[in-house]
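Novice: Now for the letters of each chain:
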Amino acid sequence: MKEYELVSGLETHVELSTKTKIFCSCTTRFGDEPNTHCCPVCIGLPGTMPLLNRQVVRYAIMAGLATHCEIAEIAKMDRKNYVYPDLPKAYQISQYDKPLCQNGYIELSSGKRIRILRIHIEEDAGKLVHERGNTYVDYNRGGVPLIEIVSEPDIRSIDEAIEYVEKLQLIMKYIGVSDCKMQEGSLRCDVNISVREKGAEEFGTRTEIKNMNSFTFIQKAMQYEFDRQVDLIESGESVVQETRRFDTSTGETSPMRSKEDAHDYRYFREPDLVTIKTSKEEVEKIRSMLPELPDAKIARYVSEYGISETDAAIIAKYRRVAEFFDAVAEKVKKPKTCANFIITQIFRRLPTEEQKEQFDIRVSADSMIALIKLTEDGKINNNIAKSTLDKMLESGKTPDELIDPSSLGGMDENALREICEKVIADNEKAVSDIRGGKAAAFGALVGGVMKATRGSADAQLATKILHELVGV
Amino acid sequence: MSDSVITKIHELLVSRQISCTELTKKYLDAAHLENGELNAYVKMTDDTALSAAKAVDEKIARGEEIGMLAGVPMTLKDNISTKNIETTCCSKILEGYRPIYDAFVWELLQNEGAVLLGKTNMDEFAMGSSCETSCFGGARNPHNINHVAGGSSGGGASAVGGNIAAFALGSDTGGSIRQPAAFCGVVGLKPTYGAVSRYGLIAYASSFDQIGPITKSVRDAAIVFDAISKKDVNDQTSGGARETTADKLGKSIEGITIGIAHEYFDGVRDDVKSALESAVREYEKMGAKIEYIHMPIIKYALPAYYILACAEASSNLGRYDGVRYGYRTDSFKTFHEMACKTRSEGFGEEVKRRILLGTYVLSSGYYDAYYKKAQNMRGAIIKAFNEALSQCDVLLAPTVPMTAFPNGFTGANAVETYLTDICTVPLNICGLPGISIPCGTGEDGLPIGMQLIGGAFSEAKLLNIAYQFERETSHFTDTGRGVEL
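From first to last, the protein sequence lines are chains A and B. If you number the first sequence the way my numbering does, the last residue is 472 and the count never jumps. If you number the second sequence the way my numbering does, the last residue is 485 and the count never jumps.
Just so you know, not all the hints are guaranteed correct.
[To be verified] Examples of chain A residues toward chain B, derived with CB under 10 angstroms:
id, residue
1, Y4
2, V7
3, V41
4, M49
5, V83
6, K89
7, G133
8, T135
9, Y224
10, F226
11, H263
12, I343
13, F347
No lab work stands behind these hints, which were simulated from the structure alone. Heads up, the beta-carbon is just placed ideally off N, CA and C, and yes, glycines get one too.
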């Protein structure tokens, strides 16, 4: 039985979250009434001309730098000509042979790098809406800026493909160039996939599955297509190079109708736009403004703060969470405490991904710092810290406002020792049980100390003292 | 010596010898009268004109100062977008299309208080050299209506030559301002590429198109050019003019060098040649130095132009599919069918010819052999002209190898017609400015035009050199039509 290997490369379209479109000043806002965010330029009325929004170039450069690409000093825009009702000018202004970014990579957790061939900027087309037996066109999306990120065919498994897209999504969200919401279409993938015998050097014929907008569908489509291609080859037939569409209801891919296969785009340079020039200074300035990226954060949390890699990954996944954590970690002795608070108590209140992204909590970094400092100074114990945090999350108040001063600090070791002595004196039976080998009775003594201190004692310290006094 | 119509009108209005409304009525009446024969206008905008005239009269009545172009009755070629006023490029495919915005140059002229009499006739989508590819039939030459007005800005040239507009705006992609100006015996200026905003000009070939004035005199051309050559942020390929021109007319041209390239005179009709030769002697009398040069590369300008311009046109005209505006075919079952039938029915022959040619030269397998080669040729031609103009102040050449064609000639002689663009096309390849002014009359009694070519953004010098010739000679023949001021 021959073994087959999957070979795949992805073309990912990411909608940039600039305020306005790439060639006009219409808003890029999603979800409003059809054809309300249009102007003569983005509808391509006769006589209009595009005007390049420089912020789009900056965002694309950020994306390129965050994926280790080289940024072109000179780039140009080209016309990609084809006819379709959602394309008002009958050409898309894109980049053909001089893209803005080239030769980058995304590193997977295995250490393997998926190379990025190029990143270029282009405008999105409008959207066709099929309802009531008719087809309508909504041009709101027309002119929204896109970057197209093209990978080399370095992917060798469906898991790698998914991880690649997840990492891409994370990076783009982190640097703030896109909200990457697949369900809203701000991130879409075209999957190129071929198969070959394991160990073979040449690539097989590839097919392209267009417009995948969910991880589940990418997985299912790739699996189906891999199986389909293997079946074809095993039965002696050959794979036809074509564009296919994934049917979400049947779970199968099928060839797209030929009218959508415009093979000859007759690319030529866009005569209405000037060359895009980017100086080395500008690139460095943009680079200096990039935030620390997730992988770098994870590494730093592990090495500097001693956080576990899993926990670090969870925190680093959400930019606002990471920023909060960073602000706290640099001011406290044990950042791990903060990490725990975030992952357990705080995240319990933010069950969805969206909520974690927003990280809209009533606790400020300063409040958290204050709380943790109290535990580090021994003024409150973990229990009190936890319950105080809950109250802080509920009320938005600071630790100072919430903690009863009587249960706060002043509990120095001598005072605690006195209380321990008293508890021992009051619990003769428990003490003799312990001395007689019944270690479980110890809990009653600790419980007694906690009760006497109304829960504010440092349990660990109390335990230590009790052990000393009991002599066991 | 030709009078500056604009200056005359300004004086009449300011001295209150005539009101703007009366003046406008005169032009409108004359236009309605003459248009039957000339077919210069495809749409008259009487109401717009009269309300603009009224506004100017009110301004004058209030004692306010008015600019040179205020109250001047003019026209726009029908490929220049006018908000709410039908703009068709004289094509069936844009019938009924009303832009929702004004072209930048039209905004500028409205701010000056210019009075729009109507939209003028043109070859369909500016593709043609006779105005006869217009879906409304061609505009006629005001000197002899059995001959064409020229193209593609035939309507504008005919209107100005026939005195039914004080000035016109046309567009020039391969000679479409200069050639009809020469045919109709008026002045036509194609500015430097980038001096005038293209925003609102319905595109034919984006790296060639330029809007420019068609006028009765060089001073008028200067005045209009100054008004329309402002920087427009909406057109990244334009930066506006670098200096005004009307205030620089009259400087002595003694000692300037005029270059004459032999190749421009190949195949030029004898009477045209001798008119040009007289013009050269005239310049010598004024103290200019003549330098005879060779520019063999000129003969490649025409094929390079047709390849590149048609390529861009095939892309620019892709949007006309019946979905959003204009003509849409009656019956169809699929989008594809709708688009194909709409375009087959809506476009004329010449437009289809150029779209097919343009699509072909861009298609894979042919791109290198045609488009890429033509691009390289373009670079070489630009270099040659820059060299020539580093040694001469201007170049002098015929505008067209002959006088106005008889009606119907071009329809039967497509390629031969293309070849007549030989003198005008090189400037569109280079983006350099050129002006055509009358310099004689042919054996057939039709006007002959002379072309002056300058370096980039040298309109002030160019116009002055043209102005001096105009001052010393008298080649303007009155057609006996239209308004007499």
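Novice: Could you work out which of the previously given hints the structure breaks and list their numbers from low to high?
Specialist: The structure conflicts with hints 1, 2, 7, 9, 10, 12, 13, although it agrees with all the remaining ones.
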